[in-house]
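Engineer: Use these hints to put chain D with the ligand onto chain A, whose structure you have.
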Amino acid sequence: MTNENLIHYIHSIADNSLILGQRLSELCGHGPTLETDIAMTNIALDLFGQTRSYFQYAAELSNEDLTEDDIAFLRKERDYKNVLLVEQPNTDFAYIIVRQYFFDVYHYLLLKQLENSKNVNLQNIAKKSLKEVAYHRRFSGDWLKRLGDGTEESHERVQKAINDLWVYTDELFHMNEDDKIVANAGFGVDNSSLKDEYYQIISDLIKQATLEVPEIQYFQKGGKKGIHTEHMGYILSEMQYMQLAYPNMKW
Amino acid sequence: MTQEADIATELLPILKSVSDPEIPVLSIVDLGVVRSAYLLENNKVKVEITPTYSGCPAMDVIGDDIKTALKEHGYEPEVKLILSEAWTTDWMTEEGKKALKDYGIAPPVDPTSDKDALLGNKKIIECPQCGSKNTQLVSQFGSTACKAMFKCEDCEETFDYFKCLI
Ligand SMILES: [Zn+2]
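Chains as they are written, first to last, in the working numbering: chain A, 845 to 1095; chain D, 719 to 884.
Pulled out of the complex, with its shape left as it was, chain A reads as follows:
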């Protein structure tokens, strides 16, 4: 395993948190109620905090003179290795919750394994993040149940969100070349090992929420290889605007 492999692996984990955090922060001041608005921006903040820890470490590992900000803001679309799920738009509250829950369960299982990484930095970040992600998962899972078991309209909308976003779940368990090398070295996680438990957990909750588990077997992929949906360009143009317009600006 080279330093490059490890850096790419760290990017791919952190990019999920970064892009989902960016999506959630679009809701700041636009949440359906004050409480959900605050909740979603709080989750965004946790995800950004985790991203910072990963990128600070990746910057340290790099031979180039990089900062966490360079990694977050100055890469090109193809260099972001987040899964397609996290870049999906805030279509409505049901989509936001389903996207969150689908990601939170995966994130939780991933971090639980990453806690055992042979790399002490990744171990520490995972331990810290796991406490936060357990809380995110509780929030999104509670809401999913509430929407499913709520009104006719909330039920219908959350079922549609589940059906539409289901196609992005399989990619969570894909491994690119860097992932494989880093997992084999005992530093990373073999994502495919999380799959069965993942589908068990989300299927149980979907049923509990009086909703139906989709039988779709066709899945979308690409993000882990840097091939994104049309939404990604818009996310990046907003996220990167300040650093591109005012290079090296700081708060």
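The set of hints was computed from the structure by calculation and includes no laboratory data.
Only true hints are included.
Pair ranges (Cβ atoms, derived):
1) A/Y1078 <-> D/K833: 34 to 44 angstroms
2) D/S831 <-> A/T935: 32 to 42 angstroms
3) D/D834 <-> A/V1057: 24 to 34 angstroms
4) D/K833 <-> A/D909: 37 to 47 angstroms
5) A/I1060 <-> D/Y756: 55 to 65 angstroms
6) D/Q847 <-> A/D909: 50 to 60 angstroms
7) A/Y1062 <-> D/G838: 35 to 45 angstroms
8) D/Y756 <-> A/D914: 27 to 37 angstroms
9) D/P731 <-> A/G1030: 42 to 52 angstroms
10) A/G1030 <-> D/D834: 36 to 46 angstroms
11) D/E794 <-> A/D914: 23 to 33 angstroms
Using N, Cα and C, we set each Cβ at its ideal position, and we do this for glycine too.
Structural biologist: Structure of chain D with the ligand alone, referenced to chain A:
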């Protein structure tokens, strides 16, 4: 299982004078974010702090405030942010909990009660205004990452609860 903070006696009063910028009555020592502070040679001081939550925006300010306070006392500080061990509300001192309550924030309860309270199962959290336990969860997330929002059915005020994190 968790380590005690290791703070040199001479540095303790200085660090105690630095407070959490979001909860000004709470010293960072009582909050438990200062994990160690050593005196090195030539007045150099090394301080290690750990964030309550990964994204806590107060950490940068806390780091700067520690440096300022130590410099005022003639020290040359270096502040390092560490992640291990991860912060837990167990590290908050009794003095810290009292300061929170006096300020109008309900301090963290034990993990089991905390879970019950945050799932809305039991009325356990005491209103910091009137002391009533007839309180209800409004939102699992509050004004900052470390807090949840409650309301008191007796005095009808809302209040923040400092969530338990273990
Ligand atoms: Zn009251």
